[in-house]
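**Q** The task is simple: from the sequences and hints, build the whole structure.
Those protein sequence lines, which keep their order, are chains A and B.
The opening residue of the first sequence carries number 2 in my numbering; numbering runs sequentially from there.
The opening residue of the second sequence carries number 8 in my numbering; numbering runs sequentially from there.
Hint data in this document are derived by calculation from the structure and do not stem from the laboratory.
It cannot be assumed that every hint is accurate.
Keeping only pairs whose Cα atoms sit at most 30 Å apart, straight-line, the calculated BS3-like set for lysine-lysine is [stated by the list, open to error]:
| hint | chain 1 | residue 1 | chain 2 | residue 2 |
| --- | --- | --- | --- | --- |
| 1 | B | K124 | B | K108 |
| 2 | A | K36 | B | K98 |
| 3 | B | K299 | A | K97 |
| 4 | A | K25 | B | K176 |
| 5 | A | K97 | A | K167 |
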Amino acid sequence: MNKLEVQRTVKEMYHRVDPEFKHKLLRVPGGETFKLCYQCGTCTATCPIARFTDVFRPNKVIHLAKLGIRNVVYSDAVWLCVNCYSCTELCPQGIKVADVMRALKNLAVREGYVPEFSREFITNILNTGLAYSIPSSRISGRGSLGLPPLPKTRLEDLKRLAEMAKISNLGRGER
Amino acid sequence: MANMRYALYLGCMIPFREISYEASARRVAKDLGLELHEMPDANCCGLPIDPVSHEMMMLLAARNLCIAERMGLDVMTLCNGCTCTLMKVNKMLKQDRDLRKQINSQLSSIGMEFQGKINVKHFAQILSEMGFDTLKKLITRPLNPLAIAGFTGCHIFRPSEFMEVEDPKDPSLLDDLIELTGAKSVSYVDEFQCCGAVEGSIDDRIPLFLAREKLRNAKRAGADAMVTLCPACHQVLEGNQRLVERRFSEFYDMPVLHYPQLLGLAMDIPPEELALRDLRVRPDKILSSLRKASLH
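**A** This is how it looks when you write it as structure tokens:
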């Protein structure tokens, strides 16, 4: 790597570091506790996902968030967290690790990173009231099993709520 | 006397892929004397939206709670995810006055108000509240020959801050419920670990690895079948089982029952009324061993 390249890399790194990031995260509901982390790694040791992927390490995510390396939030890594709360139960510092991961995802969404499956959920909820789009054969098949019809949600209510939570324009195909 | 009237909250996953859970739960509830009322205007519990917007999750959950409050009934859930979300938001809004004020000001635009009058319970928790002595009297055909590996799932006992379990490191609820039916409850490695269901949307490889571990560990521990309390866990362990077998060139053929199906068998409800035929991994082996046992 020549001198120019080194300079460029350092500059890029510098741009990726956001010293305000940790303050931002502290203000997102669920993010309040993350600064107590002392990197013992208990969360990663108990994480069922970390056993099968190299990409996701809860303690690393928290470390990078503290440093203000925001790329971590905008990568797929945090979305690998399944919110099983194993880490939250065991953290010796009482950090709500799963809630911190959720807060990071919420932050990513606010800045425009919404994964496709989440767009799908939003679209389905706003169109049917439920998160999955249930095939019509399964809806009509309920009768033959002696099951009552599915709920019919007042969709205008949900639209209203989505507008208030500022997510109504995050559905599938909308950018 | 335990409360016997509930508003039944189904959620999304059950009508989408696990109707056999709903059918068997309703059938068993009838014989238990539980009175279930439909929630005709209910929506998604909110859990799938939590990563996108915590606020929207609370609004969706609160709307469901308001509907139940209007009906004047406690909520009975079948899915662990719905249980956790509704129970958590119910408690948060009951305890945190500022949060309640904020959510209520938003709900007022759709003509609703959270008042904090009801509770949320999973079917399994309602059963344990009814008391094992009461339930024992209904067990007319004990499942003695069976060894069952229970898979509790996460959200019925985590986060323990909200979920009210005696010992979050070793919850005994499902163990007790299995022993109630007369079957032997088998413990195995990682039985309280996550199934990985939600993972499918971002990396569909990982749930297969997680399911494989549980199936292998349960099989090694000598289980004839597994039992779940949650449609998502069931989907991973049972719905994906053939995929797991193909991916790793292994053979499990491990029936995974919804808990009400197991309880129903022990209450001598005919298998066809428990939607056992809708299972993708056929439970024929355990049914025939039960038949053999009853001949002796």
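**Q** Give a verdict on every hint.
**A** So, going through the hints one by one against the coordinates:
1. B/K124 - B/K108: Holds, at about 16 Å.
2. A/K36 - B/K98: holds (26 Å)
3. B/K299 - A/K97: Outside the cut-off at roughly 51 Å; violated.
4. A/K25 - B/K176: The given pair, whose Cα atoms are some 33 Å apart, is violated under the 30 Å limit.
5. A/K97 - A/K167: holds (25 Å)
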